[in-house]
Amino acid sequence: MTVEVDPSPTFTAFAHPGRLVSTDWLRANLGTPGLVVVESDEDVLLYETGHIPGSVKIDWHTDLNDPVERDYIDGSRFAALVGSKGISRDTTVVIYGDKNNWWAAYALWVFTLFGHEDVRLLDGGRAKWEAEEGEYVTATSRPAAVDYPVVERDDSAIRAFKDDVLAHFGKPLIDVRSPEEFSGERTTAPAYPEEGSLRAGHIPSAQNVPWGKAVAEDGTFRALPELDAIYRSGAGLADDDDVIAYCRIGERSAHTWFVLTHLLGFEGVRNYDGSWTEWGSAVRVPIATGSEPGPVPIH
Amino acid sequence: MEYWSPMTRSALPESLAQIREDFLELEQGDRLFLLLEFANELPELPPRYTDHPDLLERVVECQSPVSIFVEVDENRIVHLHATAPKEAPTTRGFASILAQGLAGLTVDQVLEVPDDFPNTIGLTEAVSLLRIRGMTAMLARAKRQVRERIVA
Numbered sequence: 297m298t299v300e301v302d303p304s305p306t307f308t309a310f311a312h313p314g315r316l317v318s319t320d321w322l323r324a325n326l327g328t329p330g331l332v333v334v335e336s337d338e339d340v341l342l343y344e345t346g347h348i349p350g351s352v353k354i355d356w357h358t359d360l361n362d363p364v365e366r367d368y369i370d371g372s373r374f375a376a377l378v379g380s381k382g383i384s385r386d387t388t389v390v391i392y393g394d395k396n397n398w399w400a401a402y403a404l405w406v407f408t409l410f411g412h413e414d415v416r417l418l419d420g421g422r423a424k425w426e427a428e429e430g431e432y433v434t435a436t437s438r439p440a441a442v443d444y445p446v447v448e449r450d451d452s453a454i455r456a457f458k459d460d461v462l463a464h465f466g467k468p469l470i471d472v473r474s475p476e477e478f479s480g481e482r483t484t485a486p487a488y489p490e491e492g493s494l495r496a497g498h499i500p501s502a503q504n505v506p507w508g509k510a511v512a513e514d515g516t517f518r519a520l521p522e523l524d525a526i527y528r529s530g531a532g533l534a535d536d537d538d539v540i541a542y543c544r545i546g547e548r549s550a551h552t553w554f555v556l557t558h559l560l561g562f563e564g565v566r567n568y569d570g571s572w573t574e575w576g577s578a579v580r581v582p583i584a585t586g587s588e589p590g591p592v593p594i595h
Numbered sequence: 030m031e032y033w034s035p036m037t038r039s040a041l042p043e044s045l046a047q048i049r050e051d052f053l054e055l056e057q058g059d060r061l062f063l064l065l066e067f068a069n070e071l072p073e074l075p076p077r078y079t080d081h082p083d084l085l086e087r088v089v090e091c092q093s094p095v096s097i098f099v100e101v102d103e104n105r106i107v108h109l110h111a112t113a114p115k116e117a118p119t120t121r122g123f124a125s126i127l128a129q130g131l132a133g134l135t136v137d138q139v140l141e142v143p144d145d146f147p148n149t150i151g152l153t154e155a156v157s158l159l160r161i162r163g164m165t166a167m168l169a170r171a172k173r174q175v176r177e178r179i180v181a
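Chains as they are written, first to last, in the working numbering: chain A, 297 to 595; chain B, 30 to 181.
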């Protein structure tokens with residue numbers, strides 16, 4: 297049984313208002329049966345310094361990534377992981393984290409690959425909870441383990457691979473990295489190692505919309521008219537567009553995937569998690585440099 | 030490029046060898062808590078650096094804003110200072126390991142520390158190899174600063 301959605305008027309304009317909860321809602325609902333709060337951070341130690349009472353930790357790298365292959369964990373590992381955190385298939389999961397929910401959105405996207413139905417973000421994440429002097433505890437939560445069914449990941453709907461991007465040219469691509477990464481500027485000097493990819497620049501024809509633009513000063517998502525201005529009038533997206541978003545390894549673009557899918561209501565948005573660390577090292581794929589998107593490659 | 034070998038391993042200064050031993054004798058989960066202890070022990074910057082942020086070098090390979098500064102005193106002893114926000118405990122822990130592990134070492138001892146020391150202290154699984162790169166970059170920058178100081 298899922299927990300009732302946050303009726304906050306702040307969210308009603310969004311396409312899927314049930315995907316967000318406010319800090320007020322969370323304070324009022326902490327401890328409700330059927331609700332599990334998950335912290336997902338960039339910093340692997342932040343949960344240990346203090347977290348929302350009762351919340352469990354899921355780390356994007358050590359928990360959600362396969363330890364050997366560059367891929368996500370499979371259905372049985374996911375079942376074991378979330379079951380050990382007290383999450384059943386019908387649990388309402390609320391995820392929050394550092395850096396404007398950057399990694400929390402990534403965790404939410406991975407939960408979605410496994411078809412977990414009710415997974416939401418805490419609007420404003422850790423920063424807003426902290427700014428409001430929300431309670432933290434340091435003791436690691438140890439929920440009773442529950443059974444979670446083994447559900448195989450469905451990579452077809454919201455995940456894109458390199459070949460999908462090559463076949464996508466002519467349709468909108470959103471590069472959510474910083475303008476410097478997009479243009480291909482580099483700062484190479486001795487003992488200043490560059491990591492991750494062999495070439496700099498962006499996938500030709502991609503619009504550069506840094507992911508953080510979707511976030512207001514207090515860490516919450518911007519209101520719908522502002523998001524429309526950024527993604528529709530700004531980046532030229534239109535209803536029924538088939539969109540692929542990417543960044544460096546797919547984390548920042550998972551945040552943009554959330555905005556496009558759940559706040560703006562675009563259908564079929566895919567996150568290319570191989571992103572620049574794959575594209576920028578792949579042989580014979582087209583690359584554009586500079587601040588302009590560049591023409592659609594003839595393919 | 031210097032490769033890891035049993036010889037370089039035995040040549041590790043005692044302070045760094047002790048830190049590695051302390052991590053390796055713990056189970057994976059407890060290693061995170063030891064790293065957190067290090068994070069909490071990172072000393073405040075001396076006032077001369079808090080007043081002069083321009084002296085500090087940003088470690089851009091770390092995902093969080095961390096800056097380091099290396100001093101070499103008249104006895105050729107190295108002192109590493111670092112600052113990172115409390116929202117970045119992992120990065121603070123890395124900096125603290127290096128600040129404590131390099132404390133009191135001579136220039137030559139610091140330059141001989143194997144570049145892959147961060148990969149050998151049992152954190153690649155608990156923290157992930159990707160994040161350990163941040164400490165590797167910090168060590169590389171510290172060694173480069175030492176070389177610059179002794180030429181200057």
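It is worth saying that the hints were derived from the structure and are not from the lab.
Note that this is a predicted model, so its numbers are computed, not measured.
Hints should not be assumed to be uniformly reliable.
What the hints assert, rightly or not - Taking lysine-lysine and the DSS-like style, the derived pairs with C-alpha atoms no more than 27 Å apart in a straight line are: (1) A:509 to B:115; (2) A:353 to A:467; (3) B:115 to B:172; (4) A:353 to A:458; (5) A:424 to A:467; (6) A:458 to A:424; (7) B:172 to A:353; (8) B:115 to A:424.
Claimed, not checked - Among chain A residues calculated to face chain B with C-beta under 8 Å, some are: (9) 344; (10) 362; (11) 364; (12) 464; (13) 583; (14) 585.
Beta carbons are placed, not taken as given, at the ideal position from N, Cα and C, and that holds for glycine.
Here's how the hints hold up against the structure:
Between the alpha carbons of residue 509 (chain A) and residue 115 (chain B) the distance comes to roughly 25 Å, so the proposed pair stays at or under 27 Å and holds. Only pairs whose Cα atoms come within 27 Å are accepted, and residue 353 (chain A) paired with residue 467 (chain A) is rejected, the gap being roughly 37 Å. In summary, the hint linking residue 115 (chain B) to residue 172 (chain B) is supported, as the alpha carbons are separated by about 25 Å, within the 27 Å threshold. Simply put, residue 353 (chain A) and residue 458 (chain A) have alpha-carbon atoms about 31 Å apart, too far for the 27 Å limit, and the pair is violated.
Taking the CA atoms of residue 424 (chain A) and residue 467 (chain A), the gap is near 36 Å; set against the 27 Å cutoff, the hint is violated. At most 27 Å may separate the alpha-carbon atoms for a hinted pair to count; residue 458 (chain A) and residue 424 (chain A) exceed this at roughly 36 Å. For the proposed pair residue 172 (chain B) and residue 353 (chain A), the alpha carbon gap of about 35 Å is over 27 Å, so the pair is violated. About 16 Å separates the Cα atoms of residue 115 (chain B) and residue 424 (chain A), which keeps this hinted pair within 27 Å; it holds.
Restraint check, residue 344 (chain A) versus chain B: the minimum CB separation of about 5 Å is within 8 Å; hint holds. For residue 362 (chain A), the interface hint is violated, since its Cβ never comes within 8 Å of a Cβ in chain B; the closest pair sits about 12 Å apart. The closest approach between the C-beta of residue 364 (chain A) and any C-beta of chain B is roughly 12 Å, which is over the 8 Å cut-off, so the hint fails. Interface hint status for residue 464 (chain A): violated, as the beta-carbon distance to the closest one in chain B is roughly 28 Å, over 8 Å.
Checking residue 583 (chain A) against chain B: minimum C-beta separation of about 22 Å lies over 8 Å; hint violated. Below 8 Å, beta-carbon pairs count as interface contacts, and residue 585 (chain A) has none with chain B, the closest being about 20 Å; its hint is therefore violated.
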